[in-house]
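Engineer: Residue numbers (numbering that gives the first Met the number 0), protein chains in the order written: chain A, 0 to 138; chain B, 0 to 406.
Read the hints as simulated data drawn from the structure, not as lab findings. Worth double-checking, as some hints may not be accurate.
With a straight-line Cα cutoff of 20 Å, these simulated EDC-like cross-link-like pairs (lysine to aspartate or glutamate) come out [what the hints assert, rightly or not]:
(1) Lys33/B <-> Glu39/A
(2) Lys33/B <-> Asp37/A
(3) Lys157/B <-> Glu39/A
(4) Lys356/B <-> Glu45/B
It should be emphasised that the depicted structure is a prediction, and the values quoted were computed from it without experimental measurement.
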Amino acid sequence: MGIVARSRVKSPWIFHLNTGSCAGCDIEIVAALTPRYDAERLGCVLVGSPRHADVLLVTGPVTRQMLPRFIRVYEQVPEPKVVVAVGTCASSGSPFLGGQMVEGPVDKIVPVDVYVVGCPPRPEAIVKGIVTAVKKRFG
Amino acid sequence: MKNMVTEKHGETKDVEVDYARLRIPFGPVHPALKEPVSLRVTVRKEEIVDVDIVLGHVHRGIEGLAENRNLVQTLYLVERVCGICSHSHTTCYVQALEEIGEIKPPERALYLRTLIFELERIHSHLFLLGVLAYEIGFDTLFMFTWHVRESILDLFEKITGNRVHHSMNTLGGVRWDVDQSMVEEIMSTMKNLHKYVQQIHDSFQDKSVEKRLCDVGFLAKDEAIRLCVVGPTARGSGVDMDVRRDHPYAAYNDLREDFSVVVKEKGDVYARTEVRILELFESINIIQKILAKLPGGNIRVEDNIIKLMRRIPQGEAISLVEAPRGELLYFVKTNVKGGLSRLKIRTPTIPNVLGLKPMLVGCEIADIPVIIASVDPCMACANRITVVDAVTGEEETMDTSVLRRKR
């Protein structure tokens, strides 16, 4: 395993995209990075640009306005990449399924590697989701 | 600067073009924003000259969805308007239904609703103070505030079973009771919390924090009144308003003597931050009073929620609560079939986001994130009702998404 491939497993860089979630999943993602759960001890770093990321965390049921932005962000993440759908909205669209403005769920638009369900999922579950995704694609 | 002749709609006009002016798009996906909102900022060198705020990226059509569901299903839908103030939304909705159906929840239920309400206010204010510290680059304080916040989430989990969406409210009462050991635990948590909040309060007195927060993002009192700004944003500009005192609901009528409304006159980012820190002390105080006064009895009028739902006739009602971000209003109109014919939600972020324009004009680019954070915008709340324009080139994007699905 080369140094780049090894670093990808040792320190996955994460980009978080809100595609219309209620902010419940988003605060749990931030909670997963703060002292109690501390995903940074596993080398996870939350980055500000999708171009720097290995892992794309997607929350929300993909609203019509966010759809083109979501696709653009997805394309900006360099290969190889993993997509983690965080929350029930991102995984299945419920309870917003059938709404006029909802284009999701996420796997209707881009391929998803790991689904983390829950409304919202606990921070431990989000950390496990990231670990599973990294193992699956880069491990 | 230079005078130019331009043609617009067939007319020739003299237009002054300022080459030092720049338009910077800010968002919707931006590292400083946790939720999508788009700002088109016009700047002259470093100074902000004009701001255009574009909402609607989180528009999910909740009001439309509610009209196709029954009253109980809508209770769980409105909880998901916003993840941070979910209890405020359900309380507001349930109050309106109880008014239409003339259901009177027991005294204990009202007290428990107020208890969760104040716990939610503490969690929301700590959340914001952490984000504000993060935006000015004070990561130690951010981590500390979020660590303190976890103790409140633990209480939520022990009382209701979930950390974020509590599902505490039901028609005619609440779903979970609090026993004596829980009361003692909340009491001891509040005692610790008071100590931690004092530390956070002292950290915000720090010189370098004051330098970033003082004298930026001004909102004058008359401007705040004109824009109908609500909540801590209004109270930071010297507008004395609070639904808990002015139109008491749940148990706030009994607790009227136990809290005061925090008002600061200055109207800058620091004043709004200070209002929130001092409100934390008030909330801790209210919770201690609630636990001391907690009456006995049932926690709901009827266990079978479907039976209660069928009792609600056709009618309409308006309900108000003071959410952590300000005044939240629900207009509920029920029909004969046990559903909703109209649901209108006016969240506090909508007027508060309008207040961003006078705050930002005249400040510098580096202050944009901290000023936005200081009004505590909750885009998930605000974007339910915005009219969404058709995005140009939508069809093309759909095609690539179809291709991607086949990959």
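Engineer: Look at each hint and say if it fits the structure.
Structural biologist: Status of each hint after checking the structure:
Restraint check for Lys33/B and Glu39/A: satisfied, since their Cα atoms lie roughly 19 Å apart, inside the 20 Å limit. Note on Lys33/B and Asp37/A: the hinted pairing holds, with a Cα-Cα distance of about 19 Å set against a maximum of 20 Å. Under the criterion of a C-alpha separation no larger than 20 Å, the hint pairing Lys157/B with Glu39/A is inconsistent with the structure, at around 27 Å. Proximity of Lys356/B to Glu45/B is assessed by CA-CA distance (about 16 Å); at most 20 Å being required, the pair is judged to hold.
Violation of the numbered hints given earlier is confined to hint 3; every other hint is satisfied by the structure.
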